[in-house]
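Sequences are here, hints too, so could you generate the full structure?
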Amino acid sequence: MKPIISFCTDYVLYLFKGGIKYWAWLGFLSIFVVLWAYGNYAQLTQGMIITGLTDQVSWGLYLANFVFLVGVAAGAVTVVFPAYVYKHKALHEVTVLGEMLAIAAVVMCGLFILNHMGRPDRLWHLIPIIGIYNFPSSMLTWDIIVLMGYLLLNVFGGFYYLYKKYTGEPLNNKFYLPIIYVAIVWALSIHTVTAFFMNTMPARPMWHHGMMPIRFISTAFAAGPALIIIVFSIVRNNTKLWIKDEAIDMLSTTVVWCLGIALFLTFSEIVTEFYHPTEHSLGLQYLMFGHNGLNNLVPWFWTSLVGLVATFILLLIPSVRKNRALLPWICAVTFLSVWVEKGMGLMLPGSIPTPIGEFAQYSPTMLEIFNCIGNWAIGFIILTLLTKAGVGVLVGDLRYEGAATTQEAENEEEAGYASA
Amino acid sequence: MTERTIPLTNITDDLPCDSAVEVCTPGEGKPESGITRRKFVKNTSGMSAASLLGTAALMTNSDDAHATSEWAEWFQGNYRLMSDEEKQEAVDRLERRYSAEYGKDVTVDTTPAQEGVLFGYALNIQKCIGCRRCVKACVEENNQSRGEAQETEWIRVLKMEKGEFSEAKMGEGYPDDYGIQVGGNAYTAAGVVIEGEHYYEPEKVPEEDSFYMPIACMQCEKPPCVKVCPVRTTYREPDGIVVIDYNWCIGCRMCIGACPYWARRFNWGEPNLPKDQMNPVTHYLGNRPRMKGVVEKCTFCIQRTRKGRYPACVEVCPVGARKFGNLLDPESEVRRVLASKRVFRMKADMNTYPKFFYYVD
Amino acid sequence: MRVLDTGIRRSTSACLRVIRCGVLVLGLTTAATSVAQDCFESRQNASKVTVKESADGQVNVKCSETTGGVLWWGDPYDATVPMGEMPIEADYDHGEAVVKSRTKQLAMFPVCGTACHNGTFPPPNDDKTPRTLTMHTDVVPDATNLQHGRGAIWCLDCHHSETRNHFTDHSGNLIDMNEPQKLCGKCHGPAYRDWRGGLHGKRIGEWASTGKKRWFVCTECHNPHDVQQGERNSGFAQLESEPAPRLPKGLENADHERHHGGH
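Residue numbers (the working numbering), protein chains in the order written: chain Z, 1 to 420; chain U, 1 to 361; chain H, 1 to 263.
These aren't lab readings, by the way, just hints derived from the structure by calculation.
Mixed in with the good hints, there may be bad ones.
Said to hold, decoys possible - Below, a list of computed lysine to any residue pairs in the SDA-like style, where the Cα atoms sit at most 20 Å apart:
(1) H:186 with H:149
(2) U:227 with Z:142
(3) Z:2 with Z:142
(4) Z:17 with Z:234
(5) H:212 with H:80
(6) U:104 with H:56
(7) H:249 with Z:294
(8) H:128 with H:187
(9) U:227 with Z:267
(10) H:62 with U:274
(11) H:62 with H:80
(12) U:227 with Z:207
(13) Z:164 with Z:12
(14) U:227 with U:211
(15) U:204 with H:244
(16) H:249 with U:147
(17) U:227 with Z:87
(18) U:275 with H:60
(19) U:162 with Z:357
(20) U:104 with H:55
(21) Z:89 with Z:170
(22) Z:87 with Z:180
(23) U:204 with H:68
(24) H:249 with Z:295
(25) H:100 with H:182
What follows is the structure in structure tokens.
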């Protein structure tokens with residue numbers, strides 16, 4: 001028991017040790033949390049009328065961010081998978097950081113869902129026994145299960161790993177490896193199910209096709225590792241943890257291939273929908289070209305497409321991919337482009353036109369944007385704290401008093417990993 | 001409560017109302033002419049969690065009737081799972097709150113589905129003149145929110161073009177090198193539902209070049225909205241009406257996404273229902289006042305139809321385009337439509353099997 | 001002779017009888033206009049209903065502020081009489097049926113069969129050749145171009161030539177003016193059949209096939225003297241529509257739906 005208590009206290013105390021950049025970053029994010037608190041207060045008291053949502057477009061920015069962030073969460077598997085299936089050594093060393101990202105992303109998903117709900121106070125209606133859980137009928141209940149499961153897997157896997165590193169004890173692979181392998185498959189499932197909850201609605205032809213899950217996963221595996229590359233670059237430049245080049249190279253390769261697949265799928269969809277456009281193509285038409293002067297989304301679509309194509313081409317060039325100064329910026333563009341493409345670009349045209357053909361426009365209100373940015377800020381605060389402590393454990397700053405040296409522990413763990 | 005003058009089957013009147021320990025909220029007088037019919041049978045053993053909590057809140061908190069009943073409502077279970085006693089208690093609480101809020105005797109009915117009844121609806125699309133009286137009648141009846149901030153209408157009438165085919169457009173075909181493949185009149189939107197106009201406002205209807213298509217909840221036999229609801233707050237009643245327990249809805253709007261007919265509306269803010277316009281004859285699953293953050297929709301005027309009366313939109317239609325009745329009764333108007341007219345269901349490809357039929361003479 | 005629904009605004013003085021008649025008409029019209037709030041059911045200017053509040057605050061009807069049309073029936077059987085007196089010959093076992101009396105809505109009805117047309121004067125004239133009328137031009141402005149039947153019928157094909165407060169069937173028998181369906185059914189067989197079956201026209205009250213209903217009769221919706229509506233060629237007159245829904249947030253106007261381009 002003592003090491004656990006010690007781990008917890010040391011962990012928390014470590015979060016308070018940081019340089020000026022660290023505190024400045026957290027302080028900066030906190031500003032948005034203040035706006036978030038204001039926005040949420042307004043929404044809780046007045047209702048969702050403070051958003052730009054309407055009966056016509058009733059799924060908007062909140063759900064768009066949710067869908068995107070499920071992808072980011074799933075994207076953590078691009079670190080775990082090569083590390084444990086292909087025995088990628090460099091990535092294996094930092095797997096836990098991927099898991100930390102997944103935790104932060106799932107928390108953000110939860111925050112966005114809470115914002116999306118009209119009656120968050122009635123969440124308890126979902127709890128089996130005291131409430132009604134419409135499983136397996138409702139796809140949303142599947143999504144809750146996979147997301148909660150994924151959160152738990154990453155919390156257990158990640159913190160178990162950190163704890164063992166902290167105490168210097170070897171990992172119990174019989175316990176740890178199953179979590180890892182289940183988590184790998186589970187990561188695919190969260191995004192698949194999230195795609196299913198949208199594409200199982202024939203009422204929304206824009207989404208109602210079998211390509212949705214794979215599009216979701218390919219974009220997720222572009223945006224996810226793109227964010228991880230950014231985090232790794234920051235960690236490399238600001239901490240004692242030197243994430244190896246091979247790790248970043250592996251991730252950038254993943255980004256470029258997944259981007260390629262995603263673009264191919266987008267291209268296939270456009271050809272399918274436009275060769276002989278039907279009423280079912282109206283959403284895509286609205287997204288790409290607008291409709292009789294309603295064209296809120298058009299610039300977003302094209303900017304995002306240009307971003308995706310440009311970063312894809314750039315990342316195909318090995319010298320660019322290996323340019324450590326440039327890579328995070330390219331990844332940032334990829335990340336934002338996917339955010340637009342998969343968030344607003346996919347969510348809104350599902351509602352425009354409505355199932356009975358009404359065209360509407362949606363623009364989020366300032367309060368809605370506050371809440372969204374606030375959710376992101378909270379997520380980034382969590383990500384920062386988790387990453388900081390994770391790095392602290394990895395480099396040995398956070399260690400149990402009686403622990404074996406970092407090197408010894410690492411050797412032991414290596415042995416277990418190799419034999420697995 | 002003064003009953004409506006129409007001699008209709010009134011099932012709730014048969015409820016046992018003999019003994020009664022009436023919990024009355026302090027500070028809130030019982031409405032004069034009384035909701036005595038609603039006195040609920042209650043013995044100590046039958047006290048539900050909600051009532052206990054409500055009473056607890058009452059004792060510890062304040063004499064704010066509204067807050068107290070909302071607190072008790074928050075704890076109340078899903079309507080279908082409530083015992084008769086709990087239902088009565090919930091209804092009683094609501095009647096007290098609504099009556100105080102709207103300054104009139106409000107009744108909240110719980111009449112269940114009648115056996116041997118499956119409701120169906122038929123609309124003569126040839127007769128509809130697009131006057132939107134059904135839309136407004138529905139609002140009069142069903143206590144929707146009105147006003148600038150949030151206007152809720154359950155029926156939407158589309159104006160459809162009769163279309164125009166012209167010789168002038170013959171030359172607009174393409175490509176023309178080896179013969180035109182897409183005719184110049186290709187984009188004439190005659191009879192294209194998805195290009196209907198929603199906001200038409202001519203001086204008089206019907207317009208010469210148009211016909212009209214009203215759309216509301218189709219009360220599908222296989223409703224996609226029910227399937228996606230994570231908490232089963234929306235469900236299909238035995239008489240085929242798809243209803244919502246407003247007190248159980250979590251506002252996730254999955255059902256809005258799943259409905260192919262755009263029949264569901266959301267209370268984005270607290271609904272605005274002026275006291276003088278409020279219809280006091282309500283049903284728990286129908287037109288009782290809603291709260292913010294929940295979904296609502298057409299219920300075939302459950303508060304009327306369960307008592308034998310036609311829905312408000314059927315009665316108001318000036319051209320008699322709307323027919324309603326029991327699909328199990330071969331003599332009903334709707335069955336006679338099915339027997340003798342040409343009918344279609346909207347978006348039959350969705351496999352939702354609406355019990356709302358469009359027909360032509 | 002069908003007398004006006006809304007009252008005559010002018011009279012001609014072709015003969016003494018006509019003057020006497022005109023004075024009567026004017027008198028009755030003024031008497032009938034002193035009402036609180038009126039709205040119309042289906043046929044504008046011809047299916048008037050007056051809002052009445054009962055003791056418990058319930059109203060018989062609610063009216064549209066924009067169009068003056070009935071929007072809601074509190075009491076569907078308000079001011080009705082049993083249809084039993086005038087059997088509807090429904091093709092099925094219908095329940096209790098009531099109607100609103102048409103003759104009560106016709107201001108001149110009580111006197112028309114005695115004061116103006118007593119059966120002997122003016123002399124009954126069976127000549128059905130269309131000709132200009134000196135009276136009733138408010139109902140039929142141009143009797144040589146009657147907007148019903150496309151020239152194939154004229155006044156006395158429907159109105160009984162001797163008993164002017166009745167209609168006539170094919171054999172010259174009387175039809176009560178409260179039973180226009182029997183008259184219209186002479187020619188409009190399919191519509192009559194559908195009406196009897198509850199498919200054509202309108203009923204309010206209880207939905208059950210055995211329930212109590214108020215039946216709307218032909219002339220409560222159709223204007224028999226202008227059923228063609230000239231160019232419109234449609235049986236139901238145009239009405240003002242209720243206002244369009246409010247535009248959703250994010251839209252300033254609905255111009256985008258006014259022009260179509262295909263896809």
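Index of numbered hints that the structure contradicts, given in increasing order: 3, 9, 14, 17
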